[in-house]
Amino acid sequence: MITSFLLKSFDRTVIVAVGIILGLGLLIPALNLLTAPDHPLHVPTYLVSLFGKYLTYALLALALDLVWGFCGILSLGHAAFFALGGYAMGMYLMRQIGARGSYGNPLLPDFMVFLNWKELPWFWYGFDMFWFAALMVVLVPGLLAFVFGWFAFRSRVNGVYLSIITQAMTFALLLAFFRNDMGFGGNNGLTDFKDILGFNIQADGTRAALFAASAVALAAALVMTSGMVRSKYGKILVGVRDAESRTRFLGYRVEHFKLFAFTVSAMMAGVAGALYVPQVGIINPGEFEPGNSIEVVIWTAVGGRGTLIGPIIGAILVNGGKSIFTAAFPEFWLFALGGLFVLVTLFLPRGIVGTAQAWRAKRKEYRKAADDEAVKGMAAAEPLAAE
Amino acid sequence: MLTRLAYRSFQSLLVTFCLLITVFATDLRAQDDLRAMVDALGEGSFAKTVEQVEALARTGDPKIVPALEALAAGDLYQRNSDKQVFLTRTAGGTLTLVDPLTGEEVGTEAASALTKIRVNNSLRRAVRTALGGLTLMSPDAGVRLQAAQTMLRSPSADALEQVETALAAETNANVKPVLERARAAALLVSDRPDDEKKAAVAVIGNAGGQDALSLLSAALASADDNLRPDIEAAISSIKERQALWSVGQNVWYGLSLGSVLLLAAIGLAITFGVMGIINMAHGEMVMLGAYTTFVVQEVIRTSFPGLFDWSLAIALPLAFLVTGAVGLAIERGVIRFLYGRPLETLLATWGISLILQQAVRSIFGPTNREVGNPSWMSGAFELGGLTVTWNRLWIIVFALAVFTALLFLLKKTPMGLQMRAVTQNRRMASSMGIRTPWVDALTFALGSGIAGIAGVALSQIDNVSPNLGQGYIIDSFMVVVFGGVGNLWGTLVGAFTLGILNKFLEPYAGAVLGKILVLVLIILFIQKRPRGLFALKGRAVEA
Amino acid sequence: MNDKKPTSLLYLDGVSVSFDGFKALNSLSFVIEPGELRAIIGPNGAGKTTMMDIITGKTRPDSGDVFFKGDIDLTRRDEAEIAQLGIGRKFQKPTVFESHTVWDNLELALNRRRGVFAALFYRMTAEDEARIEEILSTVRLSNRRNDLAASLSHGQKQWLEIGMLLAQEPELLLVDEPVAGMTDAETAETALLLKEIARTRSVVVVEHDMGFIRELGVKVTCLAEGSVLAEGSIDFVSADQKVIENYLGR
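As given, the protein sequences belong to chains A, B and C, one line each in that order.
Sequential numbering from 1 applies to the first sequence in the numbering used here.
Sequential numbering from 388 applies to the second sequence in the numbering used here.
Sequential numbering from 931 applies to the third sequence in the numbering used here.
Bear in mind the hints are in silico, worked out from the structure with no lab data behind them.
The structure presented is a predicted model; accordingly, all values stated were derived computationally and were not measured.
No false leads were slipped in.
Take a look, some chain A residues computed to stay more than 12 Å from chain B by CB distance:
id, residue
1, 19
2, 28
3, 40
4, 110
5, 129
6, 203
Chain A is faced by these chain C residues, among others (derived, beta-carbon under 10 Å):
id, residue
7, 1012
8, 1015
9, 1025
10, 1028
11, 1039
12, 1042
13, 1049
14, 1050
15, 1053
16, 1095
Built from N, CA and C at the ideal position, the CB exists for glycine as well.
Make the full structure from the sequences, and use the hints.
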């Protein structure tokens, strides 16, 4: 009873959430573009980009939730997938600069000219085409996750061990991308973008369109994830989370189920990174920082892991809080973030949404029990009245 | 043969005698003669001056060294009025005159009253040779050693006889081999017969080292066919030895890195390995230990400067107490509510690490703080072809000592017994009257305290900043996971294996790529042996 | 020996395995015939659970043969494959999907295609629904179908797990201590349930409860220190001197 109720409200929640996200995707660009700057409802462009950034973070958190919340895999590698998607997009944007760079080289990005490189490395080929870059945005993180996961899940690396080696993977990538001779701009990363698909990346219209694109991507990811977790596949995923060996002895190849979720999740993270880069205007190796991955985990935890809208709410709340906090008391932000980690794990393990759901379910049960009680009372009272 | 030997001993006696005379019996008359010779430096052409320098050198008197040095540096002047020669020091528009032999100030003179004694390159060379020869005769063994080393680096055929004279007189065991090499080096560039040169090649070849290599390479360029094979053989033998020593050096660097990894990981081997707690704040415990050292040194610097060499000994117990207490507070305040939920522990301790970092940043500032090396940890010594720094050596010793102490604590003390009992079977231990919550708290405090004393040691070789711990946390987890969880020996072997592996990869791949390779290798290794190098096997592990 | 292989359902010969020098199984051999219900008893550490681990592919033996249905070598297959071959396993501690409903638990256990994409695009058919209803009534959980498995009592969880094994439609069922922690009434019902199940498939029950085994009334194998101590009817085995010494106590 409880579950069927939850399932129904689940449907409704997702529909409402998709509606809100898409509505915002229309409303905020409209308020930015169609109102005068002094209008009380006007949304300045910097806020459009800021909110757009939150939406990509929400997408990243949703991706993590798919593996952590529903499958119990605490990946500390999602910052890497995010950054890889971001780099793929950044490479496209670098190629779009063309001859407008400081050195005016039509083929080579500035940093390569600076390093005295004579020709474009092979892995930069094709990134002048948007479709190719877009493909790489999902393919590169997906492939990395697939190969990594194939090894890890096959050898049954579980729990904290998996967390630790995903962290090691991220750290190795961080070190690699810091190297100049990797061909990704080293320390400085990729920046000074000019155009995306022929539109000026700084223009209000482009910013608004990027925001709308982020909203659409998030909504689509939400619908897809919801479909996944509500299918039999999703139930098996939860089964793996709660009783892995039972799933195995029922004849499911647990490693395949995990691998599929991990790969899809990495691809979602890649898309998030690709939408993030044009809105913040830079991608550098700092995005691989192991701390970033753990921060994604706390967004998800705050919102409620194992729920679909929890990570979205968590990502927006924590990052909104971070924006306000770092502006007001910059030196206390780390205290606040650290405290959040401790308090949420101790007192709110199910997160905001999870706790609300449990509370509602309990109230419902209580009501039902009260109703039963009343019916019984009436049944008991009737014979008395008859007598 | 006998007569030759007799002659040689007579010669050395004679030289010793002469030296004795020059050193002890220099009287005023000799001084006057010298004075005249120094004055003669101001006369005539460059060629004349060269002759004069050589004449001075033949006196073998160390007193003329300042004058010759000043000549080469262009600080030697002749007084126009009486043609006397002086060293000078500039003082405003005038020059202070210094007696070239006694070093006493003898008055001032306007610059116009003096003429600078000009030098050219051949004169400088003559001075250098003369100086080399003179200092070779110095009564101070240190000066002689230095002179011999100078001659070795820039050998000249002209100095050969001087070197041979000095060699015959030399009795100091430290100076003599260097002199022998210097002689061989000079002989190689002289026009002596080939068989003597062959012996010289052998002497230099046996000495080895980078200097010998460049000497021999230079000689090879001008050597005739008779000598060439000898030189080539000597060069390749030096290169072989160098390769061997560089392997040794790599092993040493690897051991050193391994000891650092061991120190960083050993506390984690307790908290993660024994208790199964993912303590992401472990690095911050190391950092707190390092800051404790900083505070101790600050107090010593301001209040008890004499105790500086004891600063580490004082910091060790303090760091253990400070970080142990912080660990105790973390366990009682947070972790004990999270047993059985390792992933949540990871998140909570990460939060704690952020708080500790920011706290230290707020108190001590974000920049690196200066932590000094006590005198017994500074400097280095040579061991064959190895350069061994004292601080690295002490850290290896210290890491092993901590390891041994911990092993002893776990295996031989009641506390260790209780710890092992609780980790093996919590319910059984508690029903036998062990207060498991206390054992948990103390074990965690112990792990943290060890991280703290690791911080004391690491403050000696790393930057003490709020980010210190971040640099160690991933490496530490790698070591523990690689070595096998729950096994101290695994941590030891893991730390040194990874350290040496890293240092052997570095020359080929570079520091960063080497590290990346090691990470990738560990990830692959965990696929093969998910429970690490020394894993427990069986049913209990799966539970 | 070889002539026995084709007819027997499960065939273990000379199986040994050791953990860090401790011999958990020491040349264990026995045979289960199709349609047989067999009880296995033995003291703690006799190797009962390790034996199940080996049959279901969780542990690899150091030496020895394990064949299913005559010629399928189980030592070379993993858990999922062995489960798909038709061997079901019930754990000592009831293991069900606590955050799913009873219905979902059975749905997941249903013997359908096990691939990722098959699961992703699975649609419940009327046939599947009928099968789940049937199992629900067999394990007496029809009225709790929409409740979370976590809210079931201990005994009900045991039954749900047995129900899940039935949904898996195995030819061989391995059941580890099914009545541990059950009330007497529940124990009696479980015995009936197992006997009912054994009509259509082979069942191996590991149990400590001698009363329960007597109730089952089947052939008993007693294990001790990793090998077979005695085999036969319950009266024969419980009269065996070695069994009394090792397990039942004097």
